[in-house]
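Colleague: Letter by letter, the chains look like this.
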Amino acid sequence: MLELRDIQKTYNPGTVRELTLLKGFNLKVEKGEFLSIVGSNGSGKTSLLNLICGSMAPDAGHILLDGEDITQKKESLRCRRIARIHQNPAMGSCSGMSIAENMALAECKEKRMNLRPAVDRSRLPAYRGMLAELGMGLENMMNARAGTLSGGQRQALAMAMSRLSPADFLILDEHTAALDPKAADLIMELTERMVREGGLTAIMVTHNLRYALRYGSRLIMMHQGGIEMDLRGEEKRSLRMETLLKKFNDISIECGN
Amino acid sequence: MLSSFLATLPSTLEQGLIYAILALGVMLTYSILDFPDLTVDGSFPLGGAVSLTLLRAGAGPLPSLAGALLAGALAGLCTGLIHVKLGVRALFSGIIMMTALYSVNLRVTGGQALLTLPRGSATLFRANPVAEALPEGLRLLFIACLLVLLLKCLLDAFLNTRAGFLLRAAGDNESVVTGLARDKGNVKIVGLVLANALVALSGGVLCHAQRMFEVSMGTGAMVMGLASVIIGTNLFRRLEFVKGTTAAIAGAILYRLCVAAAISLGLAPMDMKLVTAALFLAILAFGGLRKEKRHA
Ligand SMILES: Nc1ncnc2c1ncn2[C@@H]1O[C@H](COP(=O)(O)OP(=O)(O)OP(=O)(O)O)[C@@H](O)[C@H]1O
Ligand SMILES: [Mg+2]
Numbered sequence: 004m005l006e007l008r009d010i011q012k013t014y015n016p017g018t019v020r021e022l023t024l025l026k027g028f029n030l031k032v033e034k035g036e037f038l039s040i041v042g043s044n045g046s047g048k049t050s051l052l053n054l055i056c057g058s059m060a061p062d063a064g065h066i067l068l069d070g071e072d073i074t075q076k077k078e079s080l081r082c083r084r085i086a087r088i089h090q091n092p093a094m095g096s097c098s099g100m101s102i103a104e105n106m107a108l109a110e111c112k113e114k115r116m117n118l119r120p121a122v123d124r125s126r127l128p129a130y131r132g133m134l135a136e137l138g139m140g141l142e143n144m145m146n147a148r149a150g151t152l153s154g155g156q157r158q159a160l161a162m163a164m165s166r167l168s169p170a171d172f173l174i175l176d177e178h179t180a181a182l183d184p185k186a187a188d189l190i191m192e193l194t195e196r197m198v199r200e201g202g203l204t205a206i207m208v209t210h211n212l213r214y215a216l217r218y219g220s221r222l223i224m225m226h227q228g229g230i231e232m233d234l235r236g237e238e239k240r241s242l243r244m245e246t247l248l249k250k251f252n253d254i255s256i257e258c259g260n
Numbered sequence: 003m004l005s006s007f008l009a010t011l012p013s014t015l016e017q018g019l020i021y022a023i024l025a026l027g028v029m030l031t032y033s034i035l036d037f038p039d040l041t042v043d044g045s046f047p048l049g050g051a052v053s054l055t056l057l058r059a060g061a062g063p064l065p066s067l068a069g070a071l072l073a074g075a076l077a078g079l080c081t082g083l084i085h086v087k088l089g090v091r092a093l094f095s096g097i098i099m100m101t102a103l104y105s106v107n108l109r110v111t112g113g114q115a116l117l118t119l120p121r122g123s124a125t126l127f128r129a130n131p132v133a134e135a136l137p138e139g140l141r142l143l144f145i146a147c148l149l150v151l152l153l154k155c156l157l158d159a160f161l162n163t164r165a166g167f168l169l170r171a172a173g174d175n176e177s178v179v180t181g182l183a184r185d186k187g188n189v190k191i192v193g194l195v196l197a198n199a200l201v202a203l204s205g206g207v208l209c210h211a212q213r214m215f216e217v218s219m220g221t222g223a224m225v226m227g228l229a230s231v232i233i234g235t236n237l238f239r240r241l242e243f244v245k246g247t248t249a250a251i252a253g254a255i256l257y258r259l260c261v262a263a264a265i266s267l268g269l270a271p272m273d274m275k276l277v278t279a280a281l282f283l284a285i286l287a288f289g290g291l292r293k294e295k296r297h298a
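So the sequences go chain by chain: B and S.
Under our numbering, think of the first position of the first sequence as 4, with each following residue one higher.
Under our numbering, think of the first position of the second sequence as 3, with each following residue one higher.
Don't read these hints as lab results, they were simulated from the structure.
Do not take every clue at face value.
What the hints assert, rightly or not - Here are the simulated lysine to aspartate or glutamate pairs, EDC-like style, with alpha carbons at most 16 Å apart:
hint : chain 1 : residue 1 : chain 2 : residue 2
1    : B       : K77       : S       : D158
2    : B       : K112      : S       : E216
3    : B       : K112      : S       : D273
4    : B       : K76       : S       : E242
5    : B       : K26       : B       : D9
6    : B       : K34       : B       : E136
7    : B       : K26       : B       : D69
8    : B       : K114      : S       : D185
9    : B       : K77       : S       : E216
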């Protein structure tokens with residue numbers, strides 16, 4: 004179980020650009036939960052994920068993982084249990100390395116970083132198979148450098164890479180935003196399967212309300228660093244698109260846009 | 003003019019090969035790790051000072067070079083620790099170490115700015131079984147060539163290992179390294195250790211060849227290494243299959259050839275740094291190679 008307790012976060016404290024984003028933020032995510040987060044731009048979704056993963060530290064409050072206080076734990080150590088897809092597709096793979104090399108690198112996560120050859124040729128067919136599932140033809144360009152891929156292709160590659168590095172937590176930041184509608188649907192199906200088969204706990208940020216409704220066991224809506232709506236179980240299942248849209252619009256109107 | 007260029011061609015090539023080792027080290031930090039490492043100006047002569055001092059103390063050629071390698075590694079370790087653990091910017095970490103090493107080098111030589119080898123003492127290129135088996139005129143060229151090839155193959159192999167991949171990832175995209183649950187700082191330190199070990203080895207080998215050490219031999223080493231790497235990268239820009247190591251070696255040799263050409267055109271040795279600077283500028287300004295902007 005993941006718990007955020009009374010988190011405070013202020014950006015640029017003491018300057019004219021001071022912005023207090025989180026004021027006593029609380030969130031509990033149960034093991035095995037698939038949490039979708041929606042919310043307007045700048046509502047603090049990425050900031051929340053950064054706090055969970057340790058990319059930044061809260062000013063106050065505690066983050067607990069299975070009862071252990073990980074507030075001070077280094078990001079790289081937390082990543083042992085976390086697989087993350089960033090909002091920026093370029094952050095998920097190495098531009099100068101080929102698709103095959105990136106896949107091999109991802110597979111090294113659990114292994115020792117020793118002097119064995121990084122690419123195991125016998126694994127290439129398996130990589131090809133996983134890439135083929137993405138339906139983008141990436142399996143036919145195994146030697147292309149990741150830097151030459153389009154944003155969507157690159158995000159799909161990051162997705163395939165995350166399947167190769169085992170984790171308990173899957174953290175997704177608008178991972179379908181760069182994809183065309185068909186590819187996005189496909190990746191969402193893949194995500195769902197990955198969470199189910201791996202028994203993962205997932206937190207997915209999305210601007211696609213349809214996905215938020217259809218996938219996941221729980222939905223929260225964020226606004227200006229707070230949680231405006233938190234539905235799970237039957238409540239979540241019976242939620243209708245119109246209701247969600249109306250809520251979204253009401254909040255936006257409140258703050259004048 | 004041409005004849006003087008041709009007459010010095012063998013020694014130009016020898017120099018090119020020795021500086022190629024330096025270029026390999028610089029390639030590791032600059033191209034792969036994306037770290038502008040100025041330690042090089044100090045670790046290059048450090049390798050020379052250590053190996054020559056060891057030779058004079060009666061050590062064999064190989065142990066003396068092993069000493070250089072180790073000293074360079076230690077220098078790289080210091081730069082890495084300063085940068086990673088103390089949070090000092092890359093450029094400054096290098097400058098600090100470069101400055102400190104100037105004194106360290108003098109300490110190593112016992113305060114002497116110039117160190118020479120006694121007649122007849124064994125070096126990598128003389129009075130050892132391998133050298134004895136080779137014809138007099140080809141010794142340096144052959145042994146240097148062999149050494150560079152060996153290092154190139156080792157480095158190529160390393161860059162394809164898991165550890166090598168991690169190093170490449172650290173220079174390419176830090177968030178990937180973090181995602182792999184590895185500390186990017188530690189990876190950088192390893193890279194700096196390896197790079198400076200190579201650089202010091204290069205300095206050691208140069209001192210073996212020249213049979214002397216001079217405390218200012220490091221001035222401009224960084225620029226020389228960089229120029230080599232950039233010439234090489236530029237040369238093979240359109241040929242993707244050419245490895246970075248090959249390009250760096252070719253660049254180092256080409257760079258030496260340019261310098262030799264300048265000398266045979268009548269420039270004095272004291273103009274050398276000017277030639278270096280002009281050459282470097284020419285490559286950067288007209289080579290069409292602007293460093294690709296990196297993501298994130
Ligand atoms: N590093 C930072 N420094 C200063 N302010 C920041 C920083 N990161 C985020 N912010 C601010 O915090 C607020 C929330 O940003 P965040 O990136 O978390 O939003 P988001 O919900 O992910 O938005 P989007 O849907 O556009 O991705 C924004 O107002 C942003 O300007
Ligand atoms: Mg965001």
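Colleague: Against this structure, judge whether each hint is valid.
Modeller: Hints versus structure:
1. Restraint check: the Cα-Cα separation between K77 (chain B) and D158 (chain S) comes to about 32 Å, which exceeds 16 Å; the hinted pair is violated.
2. In summary, the hint linking K112 (chain B) to E216 (chain S) is not supported, as the alpha carbons are separated by about 46 Å, beyond the 16 Å threshold.
3. Annotation: proposed proximity of K112 (chain B) to D273 (chain S) is violated, straight-line Cα distance about 52 Å (limit 16 Å).
4. Annotation: proposed proximity of K76 (chain B) to E242 (chain S) is violated, straight-line Cα distance about 41 Å (limit 16 Å).
5. For the given pair, K26 (chain B) sits about 7 Å from D9 (chain B) by alpha-carbon distance, which is consistent with the 16 Å threshold.
6. At roughly 28 Å between alpha-carbon atoms, K34 (chain B) and E136 (chain B) are farther apart than 16 Å, so this suggested pair is violated.
7. For a cut-off of 16 Å, the pair hint linking K26 (chain B) to D69 (chain B) is broken: about 23 Å separates their Cα positions.
8. A distance of roughly 15 Å separates the Cα atoms of K114 (chain B) and D185 (chain S); the hinted pair therefore holds under the 16 Å criterion.
9. A distance of roughly 45 Å separates the Cα atoms of K77 (chain B) and E216 (chain S); the hinted pair therefore is violated under the 16 Å criterion.
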